[in-house]
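Just need the whole structure built from these sequences, with the hints factored in.
These protein sequence lines map, in sequence, to chains S and Y.
For the first sequence, our numbering begins at 24 and goes up steadily by one.
For the second sequence, our numbering begins at 103 and goes up steadily by one.
These are computed hints drawn from the structure, not numbers from a lab.
Note that the Cβ used here is the ideal one computed from N, Cα and C, for glycine as well.
One thing to keep in mind: the hints can contain errors.
[As the list claims (entries may be wrong)] With the C-beta cut set under 10 Å, the calculated list includes, among others, these residues of chain S facing chain Y:
#1 522
#2 581
#3 583
#4 584
#5 585
#6 612
#7 615
#8 651
#9 657
#10 658
#11 662
#12 665
#13 669
#14 670
#15 719
#16 722
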Amino acid sequence: MIKKALIINLVLLICSSITFAQLNLAGKVVDEKGIGLPGANILIVNTNIGTSTDLDGLYSLKIPKQDGDIVLEARYIGYKSSKKTVSVQDGTVQVNFQLNYDILEMEALVVTGTADPQQKKNLGNSIGIISGDELQNKGPQLDAALSGQVAGAMVQVNSGTPGGGTSVRLRGTSSISRSAEPLYIIDGVVIDNSSDQLIDLGGYRSNRIADLDPNDIEKIEVIKGAAAAALYGSRANDGVVQIFTKKGKAGKLEIQLKQSIGVDVLNSKLDVSDYPYKGNTTVTGANGWTYFDQNSLTPVERYDWHDQIYRKGWSNSTSLSIAGGNDKTRYYFSTSQLTQDGVMRGTDYSKQSFRLNLDQYINKYLYLSVNSNYIHSYSNLVPNGGLVGFYGVFTNIIFGPNTKDYNKDSETGIYPSNGYTANPLDVINNWKAPQEIDRLISGAKLSFTPIDNFVMNFNIGYDTYTQLAKEFTPRNSSAPSRIDGYSASASKTSKLMNIDADASYTHNFTKDIKSVTTGGINFQYDQSDIVTATAKNLTMLVDIVQGETQFSSEYINERKTLGYYLQETASYLDKLFLTGSLRLDGSSTFGKDVRWQLFPKFSTTYHYNDNIKLRAAYGFSGGQPVDSYSQFNNYIFREYSGGAGLVNALRSGNPNLKPERQEEFEIGTDFSVLDDRIGIEVTYYNSKTTDLILPKNVALSTGYTEQLANVGVLSNKGIELLVRSLNIRDENFSWTTTLTFSKNTPLIESLSDGGEFALPDSWGIVWVGEGEVPGYFYGYTEDGINPTTGLPIKSATKSIIGDPNPDFVMSLTNDFQIGSNLSVNIQFDAMIGQDVFNFTERMLQTPAFAIGTEYDKEIKGEVPVGYYNIKRSNYSNYIEDGSFVKLRNLSVNYKLRNNFISDLGLESVNLTLSGRNLLTITGYSGMDPEINVAAQSTLVRGFDFATVPIPASYNFSIQLNF
Amino acid sequence: MKKFNISTFFLIVIIASIVTSCDLNISNPNTPTEADVLSTAQGLKAVAIGMQGRMAIGVDDQVLIPGLLAGEFSANSNSMANDREFQDQMIIEDNASVRLLWSHSYQAIKSANDILHNIDAVQFSDGTKNGMVALAKTAKVIEFTTLLQCGFQQLPVETYNSNTPSFVSKTEAINYCLTLLSEAATPAANVSDEFTNDILGDGFDLLNTIKVFQARLSLMKEDYSAAITFANSVDAGATSVFVYSAINLNPMTDNFHTRHMFGATANWRDNAESGDTRVEALFDTTSYNSGLTWTNPDENKLYDVLLWKNQLSSFELFRYGEMTLIKAEAYARTNDLSNAATQINIIRSAAGLANFNSNDQSAVLQEILKQRQYELYATGVSLEDLRRFGKISLAKVAWLPYPQVERESNPSTPSNP
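Below is the structure:
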């Protein structure tokens with residue numbers, strides 16, 4: 024074949040030089056309204072011969088006289104390409120093209136989940152694509168980029184703290200014990216997205232994808248499950264998000280300087296009592312609890328601490344990017360600086376980022392692409408309690424009666440203690456909890472194309488960071504158990520390296536049957552090392568980990584994953600595409616007998632016509648446990664009588680532990696109607712993850728108590744829908760609407776020993792059980808009111824009281840382009856049907872604290888004494904419907920282009936005013952139905968307990984484009 | 103085609119280099135590997151030390167469970183529900199204390215088996231090897247005996263490398279233990295300084311411990327002449343203890359003092375003969391009240407136990423008086439009542455009590471039981487004593503259920519008594 028192609032080219036060249044007979048092709052390429060498209064590409068199919076259109080959309084192309092028919096193709100970015108057969112061999116011929124808007128981005132080249140780049144329209148699985156344009160004018164974090172753009176993706180910010188984490192779930196949660204966050208790849212570098220909270224300060228768990236600067240993003244591709252992601256083998260159960268950063272373009276120097284300023288404003292408050300009386304004396308009830316006596320009230324001053332713990336959080340950011348290059352060398356450099364004050368006093372976040380992307384065409388055969396990104400971030404946090412610790416600002420507001428004056432004693436300078444928790448103002452002003460990240464992500468890719476239909480790629484990626492966290496409580500603190508001070512310091516160093524090599528060979532069996540064969544190998548190495556040290560009874564006058572009681576520990580986690588894959592794609596008449604692939608994966612996490620796992624995939628697409636495509640995909644993928652050493656029997660230190668001893672760990676090794684295995688089938692269609700004005704993508708998927716990795720009890724007589732084993736099955740079924748409509752498209756006004764909708768039904772089909780258990784770090788409230796939805800709320804319900812006492816009745820037994828999984832998630836985005844300079848984006852997000860446990864409200868109704876307005880009823884005598892003490896133990900009273908609709912984004916962008924600007928050497932100036940989370944429509948009574956104190960936790964969701972609500976953010980930016 | 107060949111060559115080189123650089127066999131850098139622990143002298147010595155540490159911090163349930171069942175102690179409302187189940191006679195199958203008792207004992211037994219099954223392949227001096235073998239066998243006996251004393255009717259004894267070991271009867275378990283002890287006796291008499299100084303815990307008298315358990319188990323087996331012989335062979339006044347440190351605190355202190363979860367049952371103290379000097383040493387003379395109001399009126403009648411007041415105080419594996427009382431019981435059961443009385447009176451006079459004499463075998467046995475209840479208070483033998491003296495009906499529960507976790511994973515687990 025290779026020889027044949029060369030000969031044909033040679034013959035064409037010879038022919039053209041000998042005979043002067045020519046075919047003159049000319050014509051115009053226009054859009055659906057008949058307006059000329061400048062810069063459209065005209066190509067003769069299966070050759071390198073082509074040209075592009077001028078400003079009016081006109082082209083002309085002279086080629087040698089032809090022996091037979093040729094096929095001419097017109098392409099323009101954002102439009103569907105069009106082909107026409109020319110049967111004239113000689114002379115001049117007029118060939119015009121009218122291109123339709125590619126509303127579903129069907130022509131976009133996709134690389135995620137396919138071994139070789141393919142057009143989206145030829146894929147058998149659904150894929151989410153977010154291009155750089157859609158990322159413009161959104162917030163400074165990646166969640167803003169992802170939310171609402173991809174059907175089947177549920178993107179949640181877990182708290183209002185700057186730099187906080189985002190959880191992304193693609194087609195539901197596919198595990199119980201592992202992180203369910205997708206695999207992230209940036210420019211071919213597999214990156215670490217762990218969310219280690221080295222010191223648990225309560226609800227601050229952040230994941231490391233937050234380090235990326237969204238300004239650098241050119242495009243994001245999202246694949247959602249095993250059917251699409253089988254090629255990623257044992258890392259792909261939660262889907263894959265691949266991010267491509269910007270590159271320089273030949274011949275054009277582009278400089279962008281952007282300055283923005285923003286403010287975060289809290290738009291919800293706790294409902295705090297201001298009733299000026301409290302119960303004077305206490306009475307003791309039958310079960311030993313003490314209550315306020317309704318008959319003996321005394322005046323009391325009530326405090327509202329909101330203003331002393333919250334503020335407006337100002338932020339500003341500056342970013343600069345320089346991009347350019349020539350035919351051979353292209354570069355993109357960017358740097359940015361962000362500082363952001365949190366709405367909670369004492370919290371802030373700053374980040375600096377540098378990026379350099381270089382592309383070099385070394386010669387005809389070799390292409391090298393190198394990228395590197397350095398990130399530094401520093402944040403000050405204040406301890407916030409959460410599910411583990413009790414010493415936090417917000418926690419203590421909720422846990423302390425609001426009749427106590429927390430202000431510092433003017434004489435001694437000491438913040439008064441309430442006797443059991445810390446003084447929130449003391450925590451804000453005297454305690455310290457800084458966190459710091461230093462990170463370098465770099466990668467290089469070398470492509471070798473010795474001949475047209477054969478390409479080889481060699482890719483190496485390296486992601487390394489150091490994360491430091493500290494917590495310091497000074498001596499004489501207001502926290503009773505930390506009176507002598509407490510200090511903790513933890514560091515994590517993480518390395519993640521991936522090396523990939525692949526080769527791809529394209530071959531046409533006949534004119535109609537094409538084949539692409541790809542094979543490759545991946546190697547991934549991860550290592551992390553966490554060192555923790557704490558001290559109590561601190562040394563005077565220093566704020567390091569030094570004191571009487573010191574404790575330290577270190578843990579190293581290491582993992583190697585090796586994978587081989589082979590994929591064959593065959594197409595018939597560019598209408599029917601069949602893809603089959605096999606991946607063989609081995610991981611050091613598993614014992615040698617079960618280490619190698621095979622993940623096959625099969626997918627197909629059929630183009631019924633240019634506007635209707637049918638697709639189906641079926642595949643397998645895997646998931647690895649968090650800990651790398653579950654296969655081993657481990658021994659742990661035990662001192663005795665001054666000697667250093669060892670005993671076996673109670674969890675025994677399981678050399679037969681396998682990856683969690685997902686099997687997924689999806690079927691769908693992509694079609695456009697009304698002359699490509701409305702595009703629709705619909706997908707049904709059914710995935711089942713078997714071999715869930717969970718601890719399983721073993722016979723105690725073995726000397727062990729448990730073992731990690733493959734013991735559960737979890738399924739997710741659902742429908743995804745994306746509708747994009749070009750409502751109006753005029754020269755001076757266009758209006759596009761995008762709707763994404765996804766409905767997922769999760770179910771735990773089976774579990775270890777058919778049982779049920781409470782998830783760790785959920786206070787025994789969040790459970791998983793066979794035959795139930797994952798992560799349900801479990802507790803007592805209220806069995807009416809006792810007619811004699813007027814007190815609520817607690818149910819005899821606990822039952823399932825809520826489901827934190829939404830019925831469906833929906834986003835509606837409207838983009839307006841008014842004139843050529845003004846654009847407006849409005850995005851609404853809705854999540855419907857999920858339950859939220861309003862634990863915060865439960866605490867407000869607790870008699871010992873009694874700061875909520877609801878509890879006033881008991882003091883006022885509207886309900887009998889002891890009413891709330893019983894009510895609060897009936898957890899079902901605090902399960903609320905957390906359904907909401909949020910105005911997620913509203914932005915207005917104006918592009919300034921005039922003579923004055925050009926005289927300054929500027930191409931244009933962009934002015935953007937944007938707001939996020941401006942409006943929430945919800946029946947939820949708490950501050951924010953979206954927050955979760957368990958943050959990125961896999962299945963502890965919808966747990967509202969003393970977490971900073973997500974503020975409304977306003978941002979103004981000026982971008983100078985040189 | 104040449105370029106194609108070159109590229110193929112490069113591809114092969116790259117793939118080969120990745121594959122060869124990638125050994126998927128890793129080890130856990132955080133802990134020593136099982137192979138290293140079990141195949142080196144350093145590792146096995148550490149297992150022997152860790153085994154004693156495991157035994158030392160697991161003594162609480164071994165004393166509490168029989169004590170709660172026999173009525174030595176009571177749990178108050180500071181205690182966990184799973185401990186109150188013993189005195190409330192409502193022991194659920196997955197009682198956490200029963201589970202922990204098994205887990206702690208069998209973890210120590212696993213350590214002992216690790217030593218016994220691997221020591222031949224490791225280079226030790228004869229004296230050190232003797233010591234470790236004797237210690238491992240003795241440790242197994244201590245744990246099995248403890249489990250029997252807690253009220254299990256059957257036990258798995260051959261547990262090494264088995265996920266589903268079979269259960270043997272109490273009699274078989276006693277015989278198994280006696281065999282282990284006789285195997286341990288000879289090497290225990292010939293140990294190296296290395297073993298005594300570096301491996302054996304302070305205060306642990308290996309030789310005498312072996313003899314004490316031989317005497318105790320012979321008595322349980324009703325082999326009275328052997329019981330007397332073994333009891334006589336124990337050095338007068340011998341002690342053997344587990345010791346504690348700032349890292350490993352005596353768990354009894356937490357249970358009885360720091361958290362005040364248990365106290366001596368009033369009847370137990372009040373039934374003592376007047377003038378018994380042991381009472382003052384064992385029990386606080388006034389009922390304690392740490393400022394909490396109990397809903398259960400009986401809780402006001404608990405007495406503080408004066409043992410283990412310090413978290414560093416050691417735990418006695420046995421009291422020497424047990425040997426005297428074993429002899430007394432062996433004589434009494436063979437109807438040699440005068441010799442029995444001689445032994446009883448050694449104990450009584452030490453406790454400041456007048457001599458006892460009786461020609462009625464059952465009265466003598468009754469007196470022996472009574473002396474055991476004070477002489478051996480809180481050493482874990484009380485439930486077994488009630489059983490041996492035919493008074494098991496006085497116990498809250500005669501036999502304990504097997505842990506549910508064992509049953510779920512080990513089909514050999516017998517049905518609950």
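Going down the list of hints, with the structure as the test:
The criterion of a C-beta within 10 Å of any C-beta in chain Y is met by residue 522/S, whose closest approach is roughly 6 Å, and the hint holds. The restraint placing residue 581/S at the interface with chain Y holds, with a minimum CB-CB distance near 6 Å, inside the 10 Å limit. Interface restraint check: residue 583/S against chain Y, minimum CB-CB distance 6 Å, threshold 10 Å, status holds. Hint on residue 584/S holds. Least Cβ distance to chain Y is approximately 8 Å, under the 10 Å limit.
Hint status for residue 585/S: holds, given a least beta-carbon distance of 5 Å to chain Y, under 10 Å. Using the Cβ-Cβ criterion of 10 Å, the hint placing residue 612/S at the interface with chain Y is satisfied: the shortest such distance is roughly 9 Å. Hint on residue 615/S holds. Least Cβ distance to chain Y is approximately 7 Å, under the 10 Å limit. Taking 10 Å as the C-beta contact cut-off toward chain Y, the hint placing residue 651/S at the interface holds, the least distance being around 7 Å.
Hint status for residue 657/S relative to chain Y: holds, with the closest Cβ pair at about 4 Å, below 10 Å. Of the supplied interface hints, the one on residue 658/S holds, with its beta-carbon coming within about 5 Å of a beta-carbon of chain Y, less than 10 Å. Nearest Cβ of chain Y to the Cβ of residue 662/S: about 5 Å, under the 10 Å cut. The hint holds. At a threshold of 10 Å, the smallest CB-CB gap from residue 665/S to chain Y is about 7 Å, leaving the interface hint in force.
The beta carbon of residue 669/S is positioned within 10 Å of a beta carbon in chain Y (closest approach about 4 Å), and the interface hint is therefore held. Interface restraint check for residue 670/S: the shortest CB-CB distance to chain Y comes to about 4 Å, inside 10 Å, so the restraint holds. About 8 Å separates the beta-carbon of residue 719/S from the nearest beta-carbon of chain Y, less than 10 Å, and the hint is met. Given the 10 Å rule on beta carbons, the hint for residue 722/S holds: about 4 Å separates it from the nearest Cβ of chain Y.
The structure shown violates none of the earlier numbered hints.
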